[in-house]
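Student: Residues per chain, in single letters:
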Amino acid sequence: MSEPVLSARALRKSYPSGDGRLEVLRGVDLDIAAGESVSIRGESGSGKSTLLNLLAGLDSPDTGSVSWAGSTDTGAGRRAAFLGMVFQSFYLVPELDALANVLLARRILGRLDPAARTRARDLLARVGLAERAHHLPAHLSGGERQRVALARALMNSPRLILADEPTGNLDEQTGGGVIELLLSLCVSADAALVLVTHNAAHAARTRRSLLLTSGTLGAGRA
Amino acid sequence: MPWYLHLALRQLFPTGRRFPFFTLISTLGVALGVALLIIVMGVMGGFAYEIRHMIVDTEGEVQIVARSPIPDYRALMRKIDSVPGVEAATPYARDAVMLKFGDKAAFPMLRGLDLDSVSRVTQLGEYVRVGSLDDLDDDSIILSAQLAVSIGARVGDTVEVYSPLIINKLAADSVFLPREVRVVGILEIGHQQLDSSTAYGTIRLAQDLYGLGSTVHGLDVRIKPGMNEDDVVARINAVLPDDIRALSWQDSFSEFLWVLNLERNMIFFLLLFIVIVAAFSVTSSLLISVVRKTREIGLLGALGGKPVHVAACFCAQGLFIGVLGSVAGLALGLTALAFRNNVVLWITRVTQHPEVLRRYYQFSELPSHTSGATVALIVALTIVISTLAGLLPAWKAASLKPVEALRSE
Chain A
1 MSEPVLSARA LRKSYPSGDG RLEVLRGVDL DIAAGESVSI RGESGSGKST LLNLLAGLDS
61 PDTGSVSWAG STDTGAGRRA AFLGMVFQSF YLVPELDALA NVLLARRILG RLDPAARTRA
121 RDLLARVGLA ERAHHLPAHL SGGERQRVAL ARALMNSPRL ILADEPTGNL DEQTGGGVIE
181 LLLSLCVSAD AALVLVTHNA AHAARTRRSL LLTSGTLGAG RA
Chain B
1 MPWYLHLALR QLFPTGRRFP FFTLISTLGV ALGVALLIIV MGVMGGFAYE IRHMIVDTEG
61 EVQIVARSPI PDYRALMRKI DSVPGVEAAT PYARDAVMLK FGDKAAFPML RGLDLDSVSR
121 VTQLGEYVRV GSLDDLDDDS IILSAQLAVS IGARVGDTVE VYSPLIINKL AADSVFLPRE
181 VRVVGILEIG HQQLDSSTAY GTIRLAQDLY GLGSTVHGLD VRIKPGMNED DVVARINAVL
241 PDDIRALSWQ DSFSEFLWVL NLERNMIFFL LLFIVIVAAF SVTSSLLISV VRKTREIGLL
301 GALGGKPVHV AACFCAQGLF IGVLGSVAGL ALGLTALAFR NNVVLWITRV TQHPEVLRRY
361 YQFSELPSHT SGATVALIVA LTIVISTLAG LLPAWKAASL KPVEALRSE
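Same order as they appear, the protein sequences are chains A and B.
Residue numbering for the first sequence follows my numbering, beginning at 1 and increasing consecutively.
Residue numbering for the second sequence follows my numbering, beginning at 1 and increasing consecutively.
These aren't lab readings, by the way, just hints derived from the structure by calculation.
Hints are supplied without guarantee of correctness; some may be wrong.
[What the hints assert, rightly or not] Each computed SDA-like pair below joins lysine to any residue, with the alpha-carbon atoms no more than 25 Å apart: (1) B:306 to A:142; (2) B:401 to A:180; (3) B:401 to A:110; (4) B:401 to A:130; (5) B:401 to A:81; (6) B:401 to A:126; (7) B:401 to A:9.
Quantities reported herein were computed from a predicted structural model and do not represent experimental measurements.
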């Protein structure tokens, strides 16, 4: 097997709780291969978002390590190029139109050129928003905003996409469409996907389904 | 353009909205501070500029002074004329006299002029409103405008001049008769103090009145255009005897100019607080913005934005407000200065005291002179202060951890 895109070893994470500490993750091991899609399910408060934040390098584990393509450098400088993130609340910048929101990822990477603009327009076209490129987030529906967020996550051709409940704020039908789009975009971009979701049907669409219970990851059932 | 500058601009000027309320209010606060600084410093600069103009126009750029009257001043003039950078020199004799016309008296300075050379050094002729310098002879004088009004004398009238020698005559129990001279002109410089307390006659008249014989009190010197005053003064001093010194007009009026500069600097310092107060409002608005945009700040971290760049985004907003406020304030201030006299005229008409300005502020019109250096200083300080105003919000934004910011409600 080739080197995994994402590798987590013995991740432990706890938070202060009253007089003691609440252990959220108790030794999580995870390997994601290039182009692989993996879903992580679990009950509310089981630590799914905590795990995703550790995998994204946004938070540090108490013990254990995370590496991206063999390197433990998960800092901001590398994150922009290696990783795309999709959130439940979309997190679009309200002052920027759809196109500028997609381009923001490339601006942060510091490589804004005419080709980037073309790619951003192509991505918006692929998520069905070519005609709405210059609309502000406030003038888009929830599903449209999430599709803009998908385009933004793919803008820098990342090797890994981390999606945290991307359908949590959408109705069933719109959410299904977004998952469909997310999976097809990841396949066409050859990006690995980690999808955190409550929805068993959405989880079943990924190649591998995991369940987070009692702070550890195990095989989940579709 | 770096992403943080682009985002800063977009947050100040969002797509589809021309001028958001926060940007408008913040910019307006800074602009008003800058405008006020420009207006006040322009008027203060105008006073200084006009005073310089009047001094140089009436006495030349360099004054030659001596502890005692200067004998053989013609030889001294030739020596000074030969100094590189000197355009011309003219002698003067000056002292206080008493003028009497009818039952009204005044105590002006009477300045004796050498009619052959005075026009090469001063522009006095341009300030003569009635009559001409050429009309002067040894039995006539020209009165400054307010002085003529105060004693009620007009061109053609004869006034009596009592010189300081009256003291000596009285001490010797001698009879002293005043000198009767005709008024042949009225001169108005535009400075209340000069226009109410100066009279001009020939140098021979002044020499007679002051008992100077053929000596003079000093010389006024005009230097060639583009020459450095201090360099020329140094060269003149090198050829003068020890008891005679050349002083630049700044040195001659150094105490007055020091007070003028002190006033100017104090007013600048005090008015700068308006910009500082405006900067506090920028800080306050940006801090609110940081709180409102906490999750966006978290997003920027998640997208790979570095904390220092997030900080730069908010600092840049302070910078842009400073630049915009400076440009708007500059335009507002310069426009107000352009119409200053209309405003002053309107105010004096409303308050029905149009003479107050002349009586207490020395000038018939509100002067204005805006130097590039002053404008540059105001703009630079405003931009620095506004940028500093963004520091606290920038630090708050940069210290937010992305994971906590994204989780915030």
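Student: For the pair we were handed, residue 401 of chain B and residue 9 of chain A, check the Cα-Cα distance against 25 Å.
Tutor: holds (23 Å)
Student: Keeping to a limit of 25 Å between CA atoms, is the pair of residue 401 of chain B and residue 180 of chain A held or broken?
Tutor: Not satisfied, since the Cα-Cα distance of roughly 32 Å exceeds 25 Å.
Student: Is it true that the CA of residue 401 of chain B sits at most 25 Å from the CA of residue 126 of chain A?
Tutor: Not OK: residue 401 of chain B and residue 126 of chain A at ~33 Å, beyond 25 Å, violated.
Student: Mind checking the alpha carbons of residue 401 of chain B and residue 130 of chain A for me, to see if they're no more than 25 Å apart?
Tutor: violated (34 Å)
Student: Under the criterion that the straight-line Cα-Cα distance not exceed 25 Å, is the pair residue 401 of chain B, residue 110 of chain A satisfied?
Tutor: Between residue 401 of chain B and residue 110 of chain A the Cα gap is close to 22 Å, so the pair holds against 25 Å.
Student: Given the hinted pair residue 401 of chain B and residue 81 of chain A, is their Cα-Cα distance within 25 Å?
Tutor: The given pair, whose Cα atoms are some 20 Å apart, holds under the 25 Å limit.
Student: Does residue 142 of chain A sit within 25 Å of residue 306 of chain B, going by the straight-line distance between their CA atoms?
Tutor: Measuring from Cα to Cα gives roughly 28 Å; hence the hint is violated.
The structure fails to meet hints 1, 2, 4 and 6 from the earlier list, while all remaining hints are met.
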